[in-house]
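**Student:** Okay, here's what each chain looks like letter by letter:
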Amino acid sequence: MSAEDVAFESELEAPAAGEPALVVDVEGFEGPLDLLLTLARQQKVDLAKISILALADQYLAFIEAARKLRLELAADYLVMAAWLAYLKSRLLLPEQPAPDGLSAEDMANALAQRLRRLEAIRQVAEQLLNRPQLGRDVFQRGQPEPIAEIKRPQWSATLYDLLSAYASRRQNQARAIVRMPKRSVWSLAEAREAIERLIGRSFDWSPLDQYLIEYLVEPSQRPTVLASSFAATLELVREGRLEVHQHTAFAPLFVRARANESASGGVAADAGNG
Amino acid sequence: MSNVAEMRVIVGDSERAERAEELRILEALLFAAEEPLDEKTLSARLPAGADVGALLADLQNEYAPRGVNLVRVAGKWMLRTAGDLAWLLTRETVAPRKLSRAAVETLAIVAYHQPVTRAEIEEIRGVTTSKGTLDVLLETGWVRLRGRRKAPGRPVTYGTNEAFLSHFGLEALADLPGLDELKGSGLIEASLPPGFTVPVPSDDPTLREDEDPLEPGDLDLGLVPPAERVEE
Amino acid sequence: MSNVAEMRVIVGDSERAERAEELRILEALLFAAEEPLDEKTLSARLPAGADVGALLADLQNEYAPRGVNLVRVAGKWMLRTAGDLAWLLTRETVAPRKLSRAAVETLAIVAYHQPVTRAEIEEIRGVTTSKGTLDVLLETGWVRLRGRRKAPGRPVTYGTNEAFLSHFGLEALADLPGLDELKGSGLIEASLPPGFTVPVPSDDPTLREDEDPLEPGDLDLGLVPPAERVEE
Chain P
1 MSAEDVAFES
11 ELEAPAAGEP
21 ALVVDVEGFE
31 GPLDLLLTLA
41 RQQKVDLAKI
51 SILALADQYL
61 AFIEAARKLR
71 LELAADYLVM
81 AAWLAYLKSR
91 LLLPEQPAPD
101 GLSAEDMANA
111 LAQRLRRLEA
121 IRQVAEQLLN
131 RPQLGRDVFQ
141 RGQPEPIAEI
151 KRPQWSATLY
161 DLLSAYASRR
171 QNQARAIVRM
181 PKRSVWSLAE
191 AREAIERLIG
201 RSFDWSPLDQ
211 YLIEYLVEPS
221 QRPTVLASSF
231 AATLELVREG
241 RLEVHQHTAF
251 APLFVRARAN
261 ESASGGVAAD
271 AGNG
Chain U
1 MSNVAEMRVI
11 VGDSERAERA
21 EELRILEALL
31 FAAEEPLDEK
41 TLSARLPAGA
51 DVGALLADLQ
61 NEYAPRGVNL
71 VRVAGKWMLR
81 TAGDLAWLLT
91 RETVAPRKLS
101 RAAVETLAIV
111 AYHQPVTRAE
121 IEEIRGVTTS
131 KGTLDVLLET
141 GWVRLRGRRK
151 APGRPVTYGT
161 NEAFLSHFGL
171 EALADLPGLD
181 ELKGSGLIEA
191 SLPPGFTVPV
201 PSDDPTLRED
211 EDPLEPGDLD
221 LGLVPPAERV
231 EE
Chain R
1 MSNVAEMRVI
11 VGDSERAERA
21 EELRILEALL
31 FAAEEPLDEK
41 TLSARLPAGA
51 DVGALLADLQ
61 NEYAPRGVNL
71 VRVAGKWMLR
81 TAGDLAWLLT
91 RETVAPRKLS
101 RAAVETLAIV
111 AYHQPVTRAE
121 IEEIRGVTTS
131 KGTLDVLLET
141 GWVRLRGRRK
151 APGRPVTYGT
161 NEAFLSHFGL
171 EALADLPGLD
181 ELKGSGLIEA
191 SLPPGFTVPV
201 PSDDPTLRED
211 EDPLEPGDLD
221 LGLVPPAERV
231 EE
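Chains as they are written, first to last, in this note's numbering: chain P, 1 to 274; chain U, 1 to 232; chain R, 1 to 232.
Hints are not guaranteed to be accurate.
[Claimed, not checked] Quick list of in silico lysine to any residue cross-link-like pairs, SDA-like style, CA-CA up to 20 Å:
| no. | chain 1 | residue 1 | chain 2 | residue 2 |
| --- | --- | --- | --- | --- |
| 1 | P | K88 | P | R122 |
| 2 | R | K183 | P | R114 |
| 3 | P | K151 | U | W87 |
| 4 | R | K98 | P | L134 |
| 5 | R | K76 | R | L23 |
| 6 | U | K183 | P | K49 |
| 7 | U | K150 | U | G195 |
| 8 | U | K76 | P | Q143 |
| 9 | P | K49 | R | G186 |
| 10 | U | K183 | P | R122 |
| 11 | R | K98 | P | G28 |
| 12 | R | K183 | P | R175 |
| 13 | R | K40 | U | W87 |
| 14 | R | K183 | P | K151 |
| 15 | P | K151 | U | K150 |
| 16 | U | K150 | U | A119 |
| 17 | U | K76 | P | P144 |
| 18 | U | K150 | U | E120 |
| 19 | R | K76 | P | G135 |
| 20 | U | K183 | P | N172 |
| 21 | R | K76 | R | G141 |
| 22 | U | K183 | P | T158 |
| 23 | R | K98 | P | P132 |
| 24 | P | K151 | R | K76 |
| 25 | R | K183 | P | N172 |
| 26 | R | K131 | P | Q113 |
| 27 | R | K40 | R | A50 |
| 28 | U | K40 | U | L56 |
| 29 | R | K98 | P | N130 |
| 30 | R | K40 | R | K76 |
Keep in mind that the hints were calculated from the coordinates and are not lab data.
Same shape as in the complex, but just chain P (with noise of 0.2 Å):
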């Protein structure tokens, strides 16, 4: 058979009669396997009946037109001539025991086992790609409604955690306690009061402190008792309700209440300052 008897085409269908001589476009095929199953095909015979001798034939006539024309062949096609020339020449001469055990025969339908393999992946394939396929010719739900997660919460402490807070608080709690402890200033306020109620109207110069002997035992206390009631001396005085005497500086302080509210308070406070 010769390469003009056989037309090419990428595609599966075999060519209808009278066309074209001869298309040898090898950028179709998917490598020499491909070419082979192509050519298979135009045989138009079962693939288990296949001739493997003629389709060697047709594949090398095929290289050798795709050559004449100076196309580029990929190696692998022209590994492939190689071997189906080989092939061919085994398959024409007598059975001889070939170097790797295997008769001509078993290389032959080896071939043909492959091709019948591939073209039945092929089969599959299409049919795989036939069938309805999700997102185009089947959907899913277009909204699907999410799953909300509740978030239980698992809570966890350890005893050592527990001893530990408590332990540490209750600590902390009955030191601040003793640490702070009631402040006793004698305000300017219970001084007035106090000064008020003892001197009364004890109209005889007194010295102050001995009013006060009662507040100044605690030795802690003098210092506020002693402010706070000299303080509330001045502001008594200055609202003329006192009078103070002092004989020199540093001397003790006498009062007493003033009997005649419009008498001047002002020289005796002077006196005070000392």
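Starting from the structure of chain P, add chains U and R where the hints point.
**Tutor:** Just chains U and R now, with coordinates in the frame of chain P:
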């Protein structure tokens, strides 16, 4: 005559088949739609002459008793999970969380000093205890409302329960260490003011003399916070 | 007597109501889901004791004539629009990527011969497989790296995953079209390593005796298919 009747039946059948097909199309369109569809859009996809309004009403009726309903939202139509099955679309997950320092302290005080009121807890801690802290403790399932103190305001008394014992690996509440043990373990320093005591705890469920039982409404106070809802 | 009969009717009614409610729940779950659901997941959301298999069969029957069908893919259940309505729905979607002839062939070889190595794919196709072809397939999310063949060079083995089954609407790999004919003609077994009895193809994630697990670096080659969606 019989021929005419037969014709009518056939017409009726083919109309029914047409309508069924239109319903199938409508259903598929609504199912696959990525957003609610208005009647105009639906109409454009249905065979010419289909009565979209009537079809939608039919489909809505068909779906009404089912797990998914056809609803109209802002003038557009969509399939949506039936309202009473909304719970299906939630899932509980357990999120391990550590108790806050304040909660651990409060828990310890409840454990040692039970039955104890919130005011008493605050007195022992020396700080205000937020309601949230007690809520968290109730949520842990380790603290329970015991009763109400026979006192002005009738405050609720808190105590621990079996879940508390089990979480902290205690056989009984009395196994909580006392003052000497706390000192021995170094958790409490030796130098403390005299009169400092740690109570011998008891979780005896019998109400004390100064406790009244809880009232019917007490357990529905919403004291347990709603679980956090997190969208995935 | 009449009382007993009445009782029976009542029991029958309540059973029917229960079953109807179970069907509603199942329906809602399947409608809401973004992914196919397995029976275990469905079971977990149904009332205790519900017969998930029977309910699914019922629901599948109910939906069979409708615009939306309940189908089983990859051993899981999902609702999808009826196949015969494809013409109607297709036009609104973006044309999905078209695979090259080489990619389609390679995909089929991976599907029907898995686990399969690149050399085996090339042996069947009789041509070198460009890295790009396998990358495209990995990118579709239908093909994954399984492991490494225990053979010289330790080549990577490829297989399909659930997304493949789901995309082509297959319940299991055994439902691949033409698989029986292929097996009958001995065209698949031909590539089996000698002494192997495991049916081919198999997407059983368990590695075969002649497969080693992937190594840490294998998944960083950029070959990695998008991780299979993790169950929430």
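**Student:** Look at each hint and say if it fits the structure.
**Tutor:** How the hints compare with the structure:
1. P:K88 to P:R122: Outside the cut-off at roughly 27 Å; violated.
2. R:K183 to P:R114: 15 Å, holds
3. P:K151 to U:W87: 14 Å, holds
4. R:K98 to P:L134: 14 Å, holds
5. R:K76 to R:L23: 17 Å, holds
6. U:K183 to P:K49: Not satisfied, since the Cα-Cα distance of roughly 99 Å exceeds 20 Å.
7. U:K150 to U:G195: 27 Å, violated
8. U:K76 to P:Q143: Satisfied, since the Cα-Cα distance of roughly 14 Å is no more than 20 Å.
9. P:K49 to R:G186: Within the cut-off at roughly 16 Å; holds.
10. U:K183 to P:R122: Distance of about 84 Å is beyond 20 Å: violated.
11. R:K98 to P:G28: 18 Å, holds
12. R:K183 to P:R175: The given pair, whose Cα atoms are some 88 Å apart, is violated under the 20 Å limit.
13. R:K40 to U:W87: 19 Å, holds
14. R:K183 to P:K151: 51 Å, violated
15. P:K151 to U:K150: 38 Å, violated
16. U:K150 to U:A119: It holds: about 14 Å lies between the C-alpha atoms, which stays within 20 Å.
17. U:K76 to P:P144: 17 Å, holds
18. U:K150 to U:E120: 14 Å, holds
19. R:K76 to P:G135: The given pair, whose Cα atoms are some 18 Å apart, holds under the 20 Å limit.
20. U:K183 to P:N172: 14 Å, holds
21. R:K76 to R:G141: 18 Å, holds
22. U:K183 to P:T158: 19 Å, holds
23. R:K98 to P:P132: 14 Å, holds
24. P:K151 to R:K76: Violated - the C-alpha atoms of K76 of chain R and K151 of chain P are around 27 Å apart, more than 20 Å.
25. R:K183 to P:N172: 82 Å, violated
26. R:K131 to P:Q113: At roughly 26 Å apart (the allowed maximum being 20 Å), Q113 of chain P and K131 of chain R break the hint.
27. R:K40 to R:A50: 12 Å, holds
28. U:K40 to U:L56: Given that 20 Å is the threshold and the Cα spacing comes to 12 Å, the pair holds.
29. R:K98 to P:N130: 13 Å, holds
30. R:K40 to R:K76: 10 Å, holds
Violated hints, listed in ascending order, are 1, 6, 7, 10, 12, 14, 15, 24, 25 and 26; each of the other numbered hints is respected by the structure.
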